[in-house]
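Novice: Sequence:
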Amino acid sequence: MRGKQSGSLQFDPEIEKTAKANHKAAREARQAARLAILEQPPQEEDTSSPYISEDEPIETAEQDPTPPPPPRRTLGDYGLRNNGEI
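Residue numbers 1 to 86, in the UniProt record's numbering, belong to the letters of the sequence shown in order.
Note that these hints are calculated values from the structure, not bench results.
No residue lacks a Cβ here, since even glycine has one placed at the ideal position from N, Cα and C.
One or more hints might be untrue.
For each label pair, taking beta carbons as the anchor points, the in silico distance ranges come out as [unchecked claim]:
1) ASP77 / GLN40: 33 to 41 Å
2) PRO67 / ALA32: 37 to 45 Å
3) ALA36 / ASP12: 28 to 36 Å
4) ILE15 / ILE37: 32 to 40 Å
5) LYS4 / GLU28: 53 to 61 Å
Taking the hints into account, I'd like the entire structure generated from these sequences.
Specialist: Here you go:
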């Protein structure tokens, strides 16, 4: 490495032990977060939306079907003539 040395590196003679302790701490933190979420009482969600009025009809997929995507082009398709089109 060239340039100025930003600081000394710390040498850890027991890197496996340190890594194991770090993983354990992270695992316990994740587990505590999961338990905290599970212990919270379920909140009732407001199903009404300020953007959709209850008087307006809701469009469904049957009323406005989207067209299927075009077929995937293969390498052979690029070599075909297209009758003067670019």
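Novice: Check each numbered hint from earlier against the structure, then list the numbers of those it violates in ascending order.
Specialist: 1, 2 and 5
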